[in-house]
Structures are given as structure tokens and as C-alpha cells.
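Work out the full structure: start from the sequences and follow the hints.
Going down the list, the sequences are from chains A and B. The numbering of the first sequence is our numbering, which starts it at 1 and goes up by one. The numbering of the second sequence is our numbering, which starts it at 1001 and goes up by one.
Since the hints were derived computationally from the structure, they do not count as laboratory data.
To give an idea of the interface, some chain B residues facing chain A are shown, with a C-beta separation under 8 Å as derived from the structure:
hint, residue
1, D1105
2, L1109
3, L1117
Only part of the chain A face toward chain B is listed, based on derived beta-carbon distances under 8 Å:
hint, residue
4, V108
5, A112
6, L117
Computed Cβ-Cβ distance ranges for the label pairs, DEER-style:
hint, chain 1, residue 1, chain 2, residue 2, range
7, A, S114, B, P1128, 18 to 28 Å
8, A, L125, B, D1115, 21 to 31 Å
9, B, D1115, A, V187, 36 to 46 Å
10, B, Q1026, A, S114, 25 to 35 Å
11, B, V1018, A, K52, 25 to 35 Å
12, A, L125, B, P1195, 54 to 64 Å
Please read all numbers here as calculations on a predicted model, not as lab measurements. For glycine and all other residues, C-beta sits at the position ideal for the given N, C-alpha and C.
Protein chains: 2
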Amino acid sequence: MSGRQGAATSVVEDYVKVIYSHTEWQTDPITRSELAVRLGLAASTVTEMVKKLAALGLADHVPYGAVTLTEEGRALALRMLRRHRLIETWLVESFGYRWDEVHDDAEVLEHAVSDRLLEAISESLGDPVRDPHGDPIPAPDGTVVRPVGILLERAPIPFIGAVVRISDRDPALLQFLDGRGIRLDIVVEVVERRPFGGALVVRVAGVKSDLGAEAASSIWLSA
Amino acid sequence: MSGRQGAATSVVEDYVKVIYSHTEWQTDPITRSELAVRLGLAASTVTEMVKKLAALGLADHVPYGAVTLTEEGRALALRMLRRHRLIETWLVESFGYRWDEVHDDAEVLEHAVSDRLLEAISESLGDPVRDPHGDPIPAPDGTVVRPVGILLERAPIPFIGAVVRISDRDPALLQFLDGRGIRLDIVVEVVERRPFGGALVVRVAGVKSDLGAEAASSIWLSA
DNA sequence: GCTAACATTTCGGTATGCCGAAATCTCGTG
DNA sequence: CACGAGATTTCGGCATACCGAAATGTTAGC
Ligand SMILES: [Mn+2]
Ligand SMILES: [Mn+2]
Ligand SMILES: [Mn+2]
Ligand SMILES: [Mn+2]
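Here it is, written out as C-alpha cells:
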């Protein structure tokens, strides 16, 4: 039914995962150049692989046009995100990794852990539904419960909300925020915005911090 | 110093591991054809890869001659055996795998788990020194504590000893033995050998069983 | 010492992924 | 609506790891 079912290589798995996750917090489909940057590959390589994804029935591919996933591609992406995020959670919960340390190990293990072991890990963690960064862990059937939140950058002033998600793209930022006491579920108060595109001032546990543009566009607060 | 240190691919890791483990319970070095069988590859492929191992400084390679590991190759093999056996132990202890079910998962994970995670796993298990089949788990520095035992096949009659190792080569055999109550540390009594190369009769927990040649050459008893 | 059986190597090919340079396409601006 | 900057694709190449067929080496038995 689903094409060459077991055939996805770990390279294919990563492409599909990156294509999907781009649309998770944005609406427009990912460009090939962005895919190349995200995967650390040359643009020509991405062009070739996207054609292969289309041949595998995982992506729709119009030359010079958008890259979008087929139903099958989306299903594979969700399976990979489940793997990645469960493994991140497991590293934190079971082995004391910090949230800024889990990504690289998870990036490798997501391709190596068997379905049986993955589900055993999930069970041992009590079947968590979000990872250490607040990203939703898709269920085995592909169901996703998206956390509801607004980007700190776009919060009205004043505003109070709990952190529901922090982008895990930059480990250094995660460490920085951790040092400011900004973690999942912590209540953040948006106090003021400094003029002329300046920093956002927030109060966390009574202490004020300045957050620059990159930080403010990486934190989601509960509505 | 140690050549292209981080450069070993998972293929190289498997070759070195198989070459080393052949000499663990036998003295003669492995032949290329046996290597090919063990790895499930064509003989020509093995020839090519062994030359590459030599180029990497991991093996000594005389055309048409024996394949032996260099000091560096042996060190890599021991690191891989530590990985493989710790992971097998972990799957059994932490996730309830049976001893005949661990091999395939371990074969993949041994290449994917980071040093940090591996040592965390070892610690969580209390730094075990043998795996579910009785094979020794090399220490991080390469130290190996070999279990002392004699092959059941070569045991005098009568003889009594505890099982110290069972070859993990054939999962079906492991299951068979498990069904007969033959597991690590179980006391086995060698009762008689049936004539003309026949089966060996053993008593386990009061119950007699016939063991064929394959089984008798896969079990080691404490001396 | 010959020779045949068997092990090993060589050789031409294939598949997957990757790259840089050059060619081509797209689209906003003028 | 032409044009050029920037995105995308094409093309020739490379590295890794695999195969089968053919050539070659080794060695045990005569
Ligand atoms: Mn990955
Ligand atoms: Mn994450
Ligand atoms: Mn392996
Ligand atoms: Mn084992």
C-alpha cells in the first residue's frame, strides 16, 4: 500500500521531518534554500533529494515551485517527530540531560531506535505529550495536540502568561533563557517594550530581564 | 596520533567487532570467507573492506593471509563490544526484552548511542560486567574480565557446573534452551553421552534433557 | 612435484548521497 | 514589458559500500 514501506533512509527521514516542522509554527511552505540551510547541504543536493522524495511518494514537487508533503510524507514526518521528541524527553527525564543538550543525540537516535523500544520508552515516561521545549509529541496514530500560545514578540503590553513553548533551534539561547529563569510553565509578565525596536522587558519570578528580538520570537506564552 | 580518529563508519565498526569476537572463544584468526558469512556480505566486498581497515591502521592484512587487528583495531573492537553488550543488558534489565530478542536492536544502537548516553546507561545498570548471555562487558579502558568455563561439549562425565556463558549466535537456540530452564547461573549436571556422536543428556532442576551438538557447543559451564 | 578444489583478489558495475560550477528560470522593479 | 538578482536546476564528479564474474593464488592429496 504505502509504497516501499520500510524503505525510507535516515536521510529521507530528516528531509521529511524538516519540511513538516517548518509549517508547524508558520503557514508558508519551506523554500529549497531554507531546506538546504536547515540541513546543512548544498542547494543542488536538495534539488536532487526533493525529486527523490517525490518519486517515493512523500512530497509533491513542482520545479521552481513549492515543496509540500503528501499524506504519506506527513505521516512519516509525524512518526519522526514523535521519535525525536520522545527521545529528547527521555534523555532529560531519565538521564539528566539539560534541555539545551538533547538535540544532537536525539537527531541520531531517532533513526536507530526500534518501534518496540520507542514505545517502551514512551510507556516508561508515562506517555508524555510534549517535549522539553514544549513541542507536542504526536501520538502513534499521528494525532497532535498543539499547545495554544502567542509569540512573546506579539504579546500585548502589559501581558501575563505561562511559557508553553520555546524554540529549540538555538541551544545557546536555551541556556541563556534558562539562566534568566525562563523555562516551560514559568509565568512571564511582559512589562514594556523599549522604543525604536528595542528589547522587551519581562518580569520572571519578580526579576526583570531584557529580551532581544531573537529571544522574543522564540517564546510562546499561554493565551 | 590514532589516524582519522573519529572517522570509523558503522560498517568499519562492525568488521572490527566481528574480527575481534571470533578470537574471543577461539584461538585461530578469522578467515575472510567466515567474515563474509558472519557479515552477510560477498567475499569480494570483504576483501576490499579489509584493505580499507589496513589503510585505516585498524588491521594487518597480508594478501591471502590472516586478518588480524592492530592495537588500535583491538581498542575499537573492545569499545564496540562494550557498547553492544551494555545495550543488550540494558534492553533486558530496563525494558523486559528476552535474551533472544536483544541482538538486532543492539546491533543498530551500538553505532548510534553517544559516549555520554552509553556511560549514563552503564551507571543506571550499576556498571554490569557481563551481558545477558554471559559475555564480558569490557570496561571503558578496555579491560576485560573473561568468565572461566569449559564448553559443555568437552565436559567430563559426570560433571556439575553453573552456566557461565551461552553463545548468542542463534536466537532460536536461546529460546530452546530457555524453555529447558537453561539460563545464566543455572546449575547443569552432565549425566551421559549417548553413543555414536549422539546427544548429551543433562539434568537441570531435576529434569533431564537431551542436547544436540549445536547446543552442546554453545554452552559453557563453570569449571 | 602436479593439480584440482577452494579461497581470495581483481575488475567492471550499481546505488546512495553529496558537492561546485554553469545553465536556467522566476519575479519584482523600473 | 524588459531585465537582472536571486533561486533553482543540471551536469560532471567524488566517496562509500556493495555485487557477480573472471582471474589468480594456495595447498592438500596423490
Ligand atoms: Mn536525524
Ligand atoms: Mn525539542
Ligand atoms: Mn552493528
Ligand atoms: Mn550478547
